[in-house]
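Residue numbers (my numbering), protein chains in the order written: chain S, 34 to 326; chain A, 76 to 354.
No wet-lab data here; the hints were simulated from the structure. Since the structure is predicted, the reported quantities are computational estimates derived from the model, not experimental observations.
With a straight-line cut-off of 27 angstroms between C-alpha atoms, the simulated DSS-like cross-links for lysine-lysine are:
(1) A:Lys81 - S:Lys132
(2) S:Lys242 - S:Lys132
(3) S:Lys45 - A:Lys182
(4) A:Lys271 - A:Lys258
(5) S:Lys242 - A:Lys86
(6) S:Lys247 - A:Lys182
(7) S:Lys132 - A:Lys271
(8) A:Lys264 - S:Lys45
(9) S:Lys83 - A:Lys210
(10) A:Lys182 - A:Lys271
(11) S:Lys132 - A:Lys86
(12) S:Lys175 - A:Lys115
(13) A:Lys210 - S:Lys76
(14) S:Lys132 - A:Lys82
(15) S:Lys247 - A:Lys271
(16) S:Lys242 - A:Lys81
(17) S:Lys83 - S:Lys96
(18) A:Lys85 - S:Lys132
(19) S:Lys324 - S:Lys242
(20) S:Lys132 - A:Lys79
(21) S:Lys247 - S:Lys324
(22) A:Lys82 - S:Lys242
(23) S:Lys45 - A:Lys258
(24) S:Lys96 - S:Lys76
(25) A:Lys85 - S:Lys242
(26) S:Lys324 - A:Lys182
(27) S:Lys242 - A:Lys79
These are the residues of each chain, in order.
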Amino acid sequence: MKKKKNYTRTDKAAYFFLLPAAVIYLSVIVAPVCYSFFISLFKWNGIGEKQFVGLSNYINLFKGDKIFHTAIINNLIWIVLTIFVTMTIALLFAVILSKQFRGRTFFRGFFYFPCVIAPIAVAIIWRWIYNPNIGFINEFFKALGINFTQGWISDPNVSLYAVFAAALWQAIGQPMILFLAGLQAISPDVLEAATIDGANGIEQFFLIKVPLLKDTFVIVIATLIVAAMKVYDVVQGLTGGGPNNATQMLSTYMYSQVFQYNNVGYGTAVACIMVLMMMIVIIPYVSFTAKED
Amino acid sequence: MEGKTKKITKKAVLYLVLIILALIWVVPMFTLVATAIKSKSDFYSGAGLFSMPAHVAWDNFVNAITKGRLFTYMKNDLIVSCLKVPLGIFIEALAAFALTRLEIRHKTGTFIFFLIGMMLPMQTALVPINVIYSKLGLLNSYFGLFYVYVGFGISFGILILRGFFNGVPRELDEAAYIDGCNKWQLFYKIIFPVAKPAVATLIITDFLSTWNEYLLASVIINDNMKKTVPVGIMTFVGEHGTDYGYLCAGVLISVIPVLIVYLIFQRHFVEGMAGAVKA
Chain S
34 MKKKKNYTRT DKAAYFFLLP AAVIYLSVIV APVCYSFFIS LFKWNGIGEK
84 QFVGLSNYIN LFKGDKIFHT AIINNLIWIV LTIFVTMTIA LLFAVILSKQ
134 FRGRTFFRGF FYFPCVIAPI AVAIIWRWIY NPNIGFINEF FKALGINFTQ
184 GWISDPNVSL YAVFAAALWQ AIGQPMILFL AGLQAISPDV LEAATIDGAN
234 GIEQFFLIKV PLLKDTFVIV IATLIVAAMK VYDVVQGLTG GGPNNATQML
284 STYMYSQVFQ YNNVGYGTAV ACIMVLMMMI VIIPYVSFTA KED
Chain A
76 MEGKTKKITK KAVLYLVLII LALIWVVPMF TLVATAIKSK SDFYSGAGLF
126 SMPAHVAWDN FVNAITKGRL FTYMKNDLIV SCLKVPLGIF IEALAAFALT
176 RLEIRHKTGT FIFFLIGMML PMQTALVPIN VIYSKLGLLN SYFGLFYVYV
226 GFGISFGILI LRGFFNGVPR ELDEAAYIDG CNKWQLFYKI IFPVAKPAVA
276 TLIITDFLST WNEYLLASVI INDNMKKTVP VGIMTFVGEH GTDYGYLCAG
326 VLISVIPVLI VYLIFQRHFV EGMAGAVKA
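Isolated chain S (complex conformation) (with noise of 0.2 angstroms):
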């Protein structure tokens, strides 16, 4: 036997298994990103000539973009509301659905139920839901003799948080799966030891779960946060943006600014400030990941 040398040499097996995967990722992801920060020091309609212009579109989106100031303001809110909001919930979903009952599988499938449909159709029913004059909600005040209509999504002063309850709906599946399968990683012989203990069970919870679901944590929360990053489809469908800007997210601003106005290279440079903003928290969770290994 010989003695390992204390540095690893690449096998050559191990190119083979990585070459798809390698191709398509950076044809995919790695070149489009780089040609779209490219594009974003132009000044391009999309069909005609380009113009260099440096970082003017950069420069123009930060100084005078008032639109652009509330998309970001809008998704920072979009971010503090899924932690707060969507993350506790589906961890509470998750917690219930962990125990032993019966009907658990059915439950488990009916929370998850709202992933199934295309977010696009969510923000559609949802504009139903919201309709003000025979929509759910204003006819069920109606039912229970209450007069109070609303218009949930033409209020600007209420939009944003709507369309939120609507995305919500559909947002808690993902990390109410991560979090279940977290939590059944949990050794019950743990838990056995805290029950003898004389730990009772919020205290079980809070001091025995939630330390060892860290892992977990922090994928939840990576993905939610990138996932609020990038919202759109919901937002899309259910606003378009409006009322007079009030859910305008980057994402949304993004595409109007692309497809609908052709300003091809700006809107490219509100994308490129979406994957800067993203690198807050890639860095971290990459790290965190690095450490682990």
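Here the structure of chain S is known, so what remains is to put chain A in place on it, guided by the hints.
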């Protein structure tokens, strides 16, 4: 005896909480069904959402299929999803195998390189892919669409499969090598089949996200006959007022294939996610 009553109260509280949550969660589902079975005239005659219609408006379903071309959209989506899901998982499994079982110089670095894709928004690929595809003539092609989907699925697939492969005991490798397996056989005959729960999980999440993807599909596909379900369903939305009965019927039909996939693979769903939550 006291312990028993306590247990029963606990169960009762559990069910009570569940039922309350279920009642809130059922609202949109109820709306979807209650709307799909009513005709336009039911709504105009002032029948509210809560009243039963005189007749179930099957017309909504028929219209969605005939006038709405729903089956064409579903067929297109099925082609793209059935290409994307197995091929994507296979490619991801190959990479995950290399990352867990073979000697690689910068193993963690390579993994992180692939992981970053999970965090990047599709919006950044939108313009470049549009430009490149129009040069290569890949706009309006199934290949063009599914190729991008495979690319965006790679990160999550590798994360899940790598996590799962890491949990497969190394003794299996040694036993396989002693039995004369080469690396390919080790992957194909031993490791990949063992990862069934992770594969089942990926089939569900991949199929879901492919079947329902809207942004890229709306940019890459303009041809009415090649649209996928989410893009196709949006053609049901009228410029001036939407016939919601017809739309909701369309949504209900289009959910069926995903539901079937979920029901087939859900047994391993939670177990398979374990690869993501254990670093």
